[in-house]
Amino acid sequence: MSVVRARAVGCGHYLPARILTNDELAARIDTTDAWIQSRTGIRRRHVAAEGEKTSDLAIAAALDALAAAGLTGADIDAIVLATATPDQTFPSTATRVQHAIGMHGGFAFDLHAVCAGFIFGIANANAMIVSGLARRVLVIGAETFSRILDWNDRATCVLFGDGAGAVILEAAEGTGSVADHGVLGACLHSDGAHNDLLYVSGGPSTTQDTGYLRMEGREVFRHAVVKLAEVADEVMEKVGVTGSDVDWIVPHQANLRIIESTAKKAGVPMAKVVVTVHDHGNTSAASIPLALSIAVGDGRIRPGNLLLMEAIGGGLAWGSALLRW
111 MSVVRARAVG CGHYLPARIL TNDELAARID TTDAWIQSRT GIRRRHVAAE
161 GEKTSDLAIA AALDALAAAG LTGADIDAIV LATATPDQTF PSTATRVQHA
211 IGMHGGFAFD LHAVCAGFIF GIANANAMIV SGLARRVLVI GAETFSRILD
261 WNDRATCVLF GDGAGAVILE AAEGTGSVAD HGVLGACLHS DGAHNDLLYV
311 SGGPSTTQDT GYLRMEGREV FRHAVVKLAE VADEVMEKVG VTGSDVDWIV
361 PHQANLRIIE STAKKAGVPM AKVVVTVHDH GNTSAASIPL ALSIAVGDGR
411 IRPGNLLLME AIGGGLAWGS ALLRW
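According to the numbering used here, the sequence shown is numbered sequentially starting from 111.
It should be emphasised that the hints constitute simulated quantities derived from the structure, not laboratory data.
Each residue gets a CB set at the ideal place from its N, CA and C atoms; glycine is no exception.
Treat the hints with caution; some may be incorrect.
What the hints assert, rightly or not - Capping the alpha-carbon separation at 27 Å, the derived lysine-lysine pairs in DSS-like fashion look like this:
no.: 1; residue 1: Lys374; residue 2: Lys348
no.: 2; residue 1: Lys348; residue 2: Lys375
no.: 3; residue 1: Lys348; residue 2: Lys382
Said to hold, decoys possible - Cβ-Cβ distance ranges computed for the label pairs, FRET-style:
no.: 4; residue 1: Phe200; residue 2: Trp261; range: 39 to 45 Å
no.: 5; residue 1: Gly161; residue 2: Glu340; range: 38 to 44 Å
no.: 6; residue 1: Trp261; residue 2: Glu340; range: 32 to 38 Å
With the hints as constraints, model all of the structure from the sequences given.
Written out as structure tokens, the structure is:
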């Protein structure tokens, strides 16, 4: 049976030049490099320069992905930009990217599911391609979380960094089997009852300012370990594969202990898990496409590899996707 698949044809990423190490943070707040690494696995993170916007990061990642795919902005039908740190309340940051890459037709919009944003973006792009709404979709995760951090709160400011990653999905013919290249399945969830576990304390209709990121770390960790394992199993069962079929897990890069726990529960050894959290920290919606682009670039991920991607973020919102590269 012939089916339409959303096949990945290129990826790219961008990181700001400024690197902020654990030792630099230790000189400003009550923490140490050893404390941060033992609890999170993070050694350093990138921070956007003054005046460097989320759109700047997204545009650079988009251009990198276009170059990898041998395409131009004019070849793109739609942009889905996952971000919790847009340039402005409106219009969407995605439209800035649309203009900057020379995409004069189609449509572009922002998607807000915080750290799970890229998975939600992949699921939406897949649906658009399968339904025929778009043939080629650029999915971007881009964040400047440094703008919403309380730099006196050691529980949160050590965790996050800035960055962007992008993937281009294109309509392709498949057989309907798990051997097809492209998005094979996705599962999405949210539960607003847990809003207060991870949130930003401001907003246009509440405080009229940006506010700061606030998190109940232990509770978020507990939910992450359980929900990520469950949603990984859910998408594998939906598609009809097991952990032994997965070539690489490309997880949300929030915390090394969460990554290790999820891999163990999925039955995938850490040797088959892409880990970048040590160098980049948690870049929220950017973390999966950023890690993916790095692993494709260094040759770990190759055509035909089956990738399991999963993430959880504020909302709570969480999801997973299986993609054959």
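Consistency of the hints with the structure:
1. Lys374 / Lys348: Cα-Cα ~20 Å, so holds.
2. Lys348 / Lys375: 17 Å, holds
3. Lys348 / Lys382: Distance ~21 Å between Lys348 and Lys382 Cα, so the pair holds.
4. Phe200 / Trp261: 39 to 45 Å: Given about 28 Å between the Cβ atoms, the range is violated.
5. Gly161 / Glu340: 38 to 44 Å: Check passed, 42 Å falls within 38 to 44 Å.
6. Trp261 / Glu340: 32 to 38 Å: 34 Å, holds
The earlier numbered hint that this structure contradicts is number 4, and it is the only one.
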